[in-house]
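**Q** Chain by chain, the residues:
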Amino acid sequence: MKNFSGNVLFLDGSDINTDEIIPAKYLTENSKQALKPYFLEDIRLEGFNARRDVEGKNIIVTRANFGCGSSREHAPWALEVNNIHLVIAESFARIFRQNMFNCGMMAVELPARTIDDIFKDFAHRETYLETDLDKSVFTITADGRHAKIPFSISNFDRALITTGGWVDYADSKY
Amino acid sequence: MGKTIAEKIFDAHRVDNPADDVHVIRLDAVFCHEITTPLAIHDLVNRGKDRVFDPDKIKVVIDHVSPAKDSKTAMQGKILREWSRRHNIRDFFDIGRNGVCHAIFPEKGFVRPGFTVIMGDSHTCTHGAFGAFAAGVGTTDLEVGILKGVCAFRDPSTIKINISGPLPEGVYAKDVILSVIGRLGVNGATNRVVEFTGPVIDAMSMESRMTLCNMAIEAGGTSGICSPDRVTIEYLWDFIKDEYASKEEALEDAGRFLSDADAQYDRVIEHDVSSLEPLVTYGYKPDQVKPVREMESIPVDQVYIGSCTNGRIEDLRVAAQVLKGKKISDSVRGVVSPATTQVYRQAMAEGVLKIFLDAGFCVTNPTCGACLGMSNGVLAEGEVCASTTNRNFNGRMGKGGMVHLVSPATAAATAISGFITNSELYKG
Ligand code: SF4
Chain D
1 MKNFSGNVLF LDGSDINTDE IIPAKYLTEN SKQALKPYFL EDIRLEGFNA
51 RRDVEGKNII VTRANFGCGS SREHAPWALE VNNIHLVIAE SFARIFRQNM
101 FNCGMMAVEL PARTIDDIFK DFAHRETYLE TDLDKSVFTI TADGRHAKIP
151 FSISNFDRAL ITTGGWVDYA DSKY
Chain E
175 MGKTIAEKIF DAHRVDNPAD DVHVIRLDAV FCHEITTPLA IHDLVNRGKD
225 RVFDPDKIKV VIDHVSPAKD SKTAMQGKIL REWSRRHNIR DFFDIGRNGV
275 CHAIFPEKGF VRPGFTVIMG DSHTCTHGAF GAFAAGVGTT DLEVGILKGV
325 CAFRDPSTIK INISGPLPEG VYAKDVILSV IGRLGVNGAT NRVVEFTGPV
375 IDAMSMESRM TLCNMAIEAG GTSGICSPDR VTIEYLWDFI KDEYASKEEA
425 LEDAGRFLSD ADAQYDRVIE HDVSSLEPLV TYGYKPDQVK PVREMESIPV
475 DQVYIGSCTN GRIEDLRVAA QVLKGKKISD SVRGVVSPAT TQVYRQAMAE
525 GVLKIFLDAG FCVTNPTCGA CLGMSNGVLA EGEVCASTTN RNFNGRMGKG
575 GMVHLVSPAT AAATAISGFI TNSELYKG
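Protein sequences, first through last, are from chains D and E. Counting in this note's numbering, the final residue of the first sequence is number 174, and the numbers go up one at a time with none missing. Counting in this note's numbering, the final residue of the second sequence is number 602, and the numbers go up one at a time with none missing.
It cannot be assumed that every hint is accurate.
As the list claims (entries may be wrong) - Computed cross-link-like contacts, DSS-like style, restricted to lysine-lysine with a CA-CA straight-line distance of at most 25 Å: (1) LYS32/D x LYS243/E; (2) LYS252/E x LYS25/D; (3) LYS36/D x LYS25/D; (4) LYS246/E x LYS573/E; (5) LYS223/E x LYS32/D.
It should be emphasised that the hints constitute simulated quantities derived from the structure, not laboratory data.
Work the whole structure out from these sequences, hints included.
**A** So, in structure tokens, the structure goes:
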């Protein structure tokens, strides 16, 4: 199973699309690893610089409709090869969300209010997030501040994470 | 309680419910192209699962970068070719016989009312125009589709958009769908099926319905869907005539996949297009739309006519009607990519290609081309394109380029003037 705890990268914008996550011109790459340096290359967010800000981060916290646009699974792969296995957002585009769980990674939705609070309280600090899958709770920590945030994912999504993804699940079951 | 088309299709295909709101459904068709499928093949081979569930239900095309532009894209084609051969996939469309996936597969009669279809491509929602449930998926879902012929979806709750008119002259399916996306927002139909109904849809050709359903994903929709009717049966008749005694019988059979009058919808939206004007996008999101009239001073460097949205014969005919006897502006590069080999042939036979050439357009082979800035027609930094495609994302047609989405009529008029312009077909 993948690791769902680590340092948080805040992306303060809605509708971040898969072309921004990984531009189309890299779709000819035949290995996941080759995508690593191009992650978030074309995104334009105030104060954000991909070269500077991605390194050492393991979790993304962002706003609504993350991963919209093209169906490319290169988007979750670009996250994966950058050691980011968990995205927390107000909402996701359907295909992106499914792709994440299909790869054994997590895309977790939280209410807009909660996301807002996380941004307000933590976005400008070095923030660490711990995932407790058994209890379904995130613990966020920065500068001695803590917040415990419950989340829920379906049993099916949980099965995908624990079996390592949809291919093995489906091949053994159907 | 009544059911929607999508619910009826799910009922007819359900294999399992691994969670209350998750349905694993059996697939009638899995479509493949050379950008997303090689990765699925690669992974299946690595897992020791290089198998296909049914070679006759897998349809393959090379369309995105065709002809190959470099060694990497050549390799993507090679992987797909060899895989198709290895598994006896007979419906494989290589260069010279190919076309943009969402244009060629319907043209070959591969989509029928009540079908379930997936493809590793977000615009797979196009095929819902036939009364099918058709959804874009990622590589892993595609892999499982290829291997087992199943895919998992959440509840197909549906937004019904009832479109009333009449549609004004010179206003097209593209303008209608841009207006719908403008109304729903890029996130407005996420995890929902978008069912298009009403008199305007009833009067539309299959080509126009495909244009409409094609962009359901730009509002986040899982699949667009139109009720199968006489127009659908007429379009498919050559492919299904051996299966039915008459068109009436085929129509009756397709009637199994019509929404009930008392079906439950997530939302019902009344959308009146009787005073709709031609529209154009102005930003980097497809819901940022304005009347062309308000954008008429914007100069463009390129005009692109093509893609799975608007590269069909009907689209080329409308553009040619505008271009006939005219020359495009010296400041504009005009590029047209007929969506399929058949569209190309037909446009040639009808004299449509000659009109494009005489006007000063570059006519390319059938391919996705400039639509995704991976092969030809790429914009330079700071350049602007009026395009009949479906995505205006930042960088889509080349880093630093700007794309304005328009109908073929607006694209043609814009090519002539050099500025975003309403066509003379619009009398408003
Ligand atoms: S024409 Fe454009 S949108 Fe359509 S399948 Fe090709 S790349 Fe995708």
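**Q** None of the hints should be skipped; say for each whether it holds.
**A** Going through the hints against the structure:
{"no.": "1", "hint": "LYS32/D x LYS243/E", "result": "holds, 21 Å"}
{"no.": "2", "hint": "LYS252/E x LYS25/D", "result": "holds, 19 Å"}
{"no.": "3", "hint": "LYS36/D x LYS25/D", "result": "holds, 14 Å"}
{"no.": "4", "hint": "LYS246/E x LYS573/E", "result": "holds, 20 Å"}
{"no.": "5", "hint": "LYS223/E x LYS32/D", "result": "holds, 19 Å"}
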